[in-house]
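There are 2 protein chains.
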Amino acid sequence: MENTYCVIMAGGIGSRFWPESRADRPKQFLDILGTGKSLIRHTFERFRPMFRDEQFRVVTQRRYQQLVLDHLPELKAEQVLCEPIGRNTAPCIAYAAYALCKENPEARMVITPSDHLVLQEEALRAVIAECIDFTHEREALMTVGIRPTRAETGYGYIQISDDERISKVKSFTEKPNLELAQTFIQCGEFFWNSGIFVWKARDIITALERHQPEIASLFHTIGHLIGTPDEAAALERVYSECRGISIDYAVMEKADNAYVRCGDFGWSDIGTWGSLYQQARKDRYANAKPQEGCYTYDTRSCIISLPKGKVAVIDGLKEYIVVDTEDVLMICPRSSEQHLRKYIDEVKYNTGDKHI
Amino acid sequence: MENTYCVIMAGGIGSRFWPESRADRPKQFLDILGTGKSLIRHTFERFRPMFRDEQFRVVTQRRYQQLVLDHLPELKAEQVLCEPIGRNTAPCIAYAAYALCKENPEARMVITPSDHLVLQEEALRAVIAECIDFTHEREALMTVGIRPTRAETGYGYIQISDDERISKVKSFTEKPNLELAQTFIQCGEFFWNSGIFVWKARDIITALERHQPEIASLFHTIGHLIGTPDEAAALERVYSECRGISIDYAVMEKADNAYVRCGDFGWSDIGTWGSLYQQARKDRYANAKPQEGCYTYDTRSCIISLPKGKVAVIDGLKEYIVVDTEDVLMICPRSSEQHLRKYIDEVKYNTGDKHI
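First to last, the protein sequences are chains A and B. At position 159 of the first sequence (counting the first as 1) the number is 158 in numbering that gives the first Met the number 0, and the numbers step up by one without a gap. At position 139 of the second sequence (counting the first as 1) the number is 138 in numbering that gives the first Met the number 0, and the numbers step up by one without a gap.
So that you can see chain A by itself, here it is in the shape it has in the complex (with noise of 0.2 Å):
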C-alpha cells in the first residue's frame, strides 16, 4: 500500500435524517445504527486493515473539523482538509488530489464516503486491493459497483460494457424513475454506483483538467499555497467561485477511462430513514426501535428513534417513522418520507435554523 492513501469524505450534511441529523451534528457523526460507534468511526475501521494511520486523509467543512478528531483521534489535524463550505464531491476530490499530489506525486487515492454501511468488510477490502492493482498499470479511473437487490430509486446506477471482472463503463445515470430502475435490474448490466474511487491522484488531477478545467485551474493556481498559513484564505476563494458538482457529473460521465470493479459486500448508504429501516434490526412485529424504553402495542413496521434515557410508548402505528430528539419530535408515515425537505423549510421558515 504504499504511496496510497485513504480519502474519507465527510462534508455532508445529511438534512435527510432530520431531526436525528443536524446542521451540527451531521449523519456521519451519529451512531444511527445504534451500534455504539459513528458511521464516520465504522468507515475509519473498516479501512484501518489496509492502511496505516497516517496514510488517512478526511476531506470535511471546517466547521466539523473538531467533530472529526473527536471521533477519529488517532488522526492528527494536518491530516484532517477542512473545505471552507461544501460544494459537492467533485472540488472535495479536486481538493484531496491537489493537495495529496503536492505532498506526494505519486500518491494512489482510495475515495470513500464516511456514512454508508458495510456488512462484509473483508469483501469490501478484497475488492478495494484488486482496485489498486488495476491503476498500477493504467490511467484508469475506478469506481465500485454494487449488484442491486431491488429497483432502488435514489441510488444512481452504472452500465458495464462487458462481463469482466473489472469493465469499462458503459453509463452512468443518476436516481431513475421506477420504470427504468426496474427496466436496469432486469437488464443486468446495472450496478448501483457506490461512491468509492480508486485512481492516482496525478490520473483525477489530467481528468479535471480535460473535463472541468475551471475547478482544476481554481486549484492549480493554489497549487502552491496548500500546506502553507495562506491555504484556507486561498480555498475561501476557491470555494466561493468554484461551482457545486458531483465527480460524477464532472468527470466520470465524461472520462473515457473509467473502469467498474462490480462487487457484493453487504452495502447501503443508509441514506434515508427508509433504507436505515432495510439495515436495522427488527422486533418481531418489524418495529426498528431502541432496545429498551420503548413500549410498543398494536405498532408495526415502525422505525423508532429515541434519545438515550428516554421512555416511549406508542400504540397504533404501522409503518410510521418516529423520531424524537431533545428538542424536536417528528412523526409521519413511511411513505411520506420525501416530505422530510418540506417538513424543514417550514420549520426553518417559522423558528430559524435554531432546530435544523
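The hints are simulated quantities; they were obtained by calculation from the structure and are not laboratory data. Any given hint could turn out to be false.
One copy or any two copies: either way a pair holds, since identical chains are not told apart in the list.
What the hints assert, rightly or not - Taking lysine-lysine pairs in the DSS-like style, the calculated list, with each CA pair at most 25 Å apart, reads: (1) Lys-36 x Lys-281; (2) Lys-307 x Lys-253; (3) Lys-353 x Lys-317; (4) Lys-307 x Lys-353; (5) Lys-75 x Lys-281; (6) Lys-307 x Lys-341.
Just so it is clear, the structure is predicted and the values come from calculations on it, not from any experiment.
Chain A is fixed; fit chain B onto it per the hints.
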C-alpha cells in the same frame, strides 16, 4: 360568608394524565389547558371573590405541601392540611371537618376539587351562595349537580326526587355503562356529580358518626391533637388504619339529608385526555395543539402536548393523543386512552418509578 371556609381538595395524583402528570407533579399543579395558570390556581381564583384568603384551606398529601404554597403563595403553611397518604375523599373531608370544627364550631365548608374546569365562574358562585344559604336553616348535606350534555360513562350521576331548585337526592350512581348513561340522559332526572359539597362541619361529622363510625372514631380519638405538634404523628396512625373510600360511597349514598342544587356553569372534570380534548381550543383540523412549534400535516382531531420550546412535525395521524415530556413520549389513539393504566404498569414494571 362569616364562619364559611373554602376547602380545596388537592391530594390526587392524576395518573390519567400520564405522562404529563407524574407522581411528583400531579394534574392540579399543571397548566394542562395552556392558560398560563395551573388548575389549582384557577380553582383558588374562582372562589376568591367569595372568600378572604384566610378562609381557604387546602387538603393535600404532605409531599405536595410546598407545591401548594408555591402555587398559592397567598396562603400560610397552617392553611394547608397535610395527609400522610391519599385515602380518597372521605378521610380527606373528615380531616378538614374535624380540624375546622375544632377551630370554629360554627364552621361551614364549601368543598371543591382542585383540578376541575369551570367556564362560567359567576354562575358557579351564585349556585354556591344558594347552597350556603340553604344550609343555614337545616342540617343539609349539599352537593352540586351538573346538567349532563352527553351520556358520559366516566362520571357519577345524582338522581333528583323533585323539580325544585334544590332537591332531595334520590340516588347516586357511580360511572354507569353506556346503556345506563343513555337512559339517565333521556330520563331527565339525572345530573353529573361535580364533587362540590356544602355543609356545616358539625353536620358532616354527625353523618360520619352515623354512617362511617370507624372513620369518625379514628378522627375523634385524635381530635385533641389537631393543631398541636403531635398532629402529624397522630394522622400517620389514623391514615394507616383508615380505609380509602369516597365521600359519596361513605356518606352521601346513605344519608337521608343529601340535597342537590343543579347548575349549568360550563363544568368539566377534565379527568382524561379525552375530556381535555373536549374543552380545548382546536385548530381548523380539530387538533388541540400548542400554538407554537407544532407543525401538522394530514393530521386531524388529535390532542398534542409538548414541552415548552419543543418543535414537533406530525404527519398523517387521525384521532391520536401525542404527549411528549422531557423523559417520556406517548402516542396512542384517542380510543385507547383506557389502556393508560396498562402502559403505566408496564413502564413501572420495567424501569421503576422514575418515569411514573
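Do the hints match the structure? See the list:
Only within a single protomer do Lys-36 and Lys-281 lie at most 25 Å apart by alpha-carbon distance; the minimum there is 19 Å, versus 43 Å between protomers. With identical chains, the CA atoms of Lys-307 and Lys-253 are never at most 25 Å apart, being 47 Å at best within one copy and 53 Å at best between copies. Proximity of Lys-353 and Lys-317 under a CA criterion of 25 Å is satisfied in neither setting, with 31 Å inside one chain copy and 29 Å between copies. Proximity of Lys-307 and Lys-353 under a CA criterion of 25 Å is satisfied in both settings, with 21 Å inside one chain copy and 15 Å between copies.
Taking CA atoms no more than 25 Å apart as the test, Lys-75 paired with Lys-281 passes in neither setting, with 38 Å inside one copy and 56 Å between copies. Taking the closest pair of Cα atoms, Lys-307 and Lys-341 come within 25 Å of each other only across two copies (23 Å); inside a single copy the shortest separation is 27 Å, beyond that limit.
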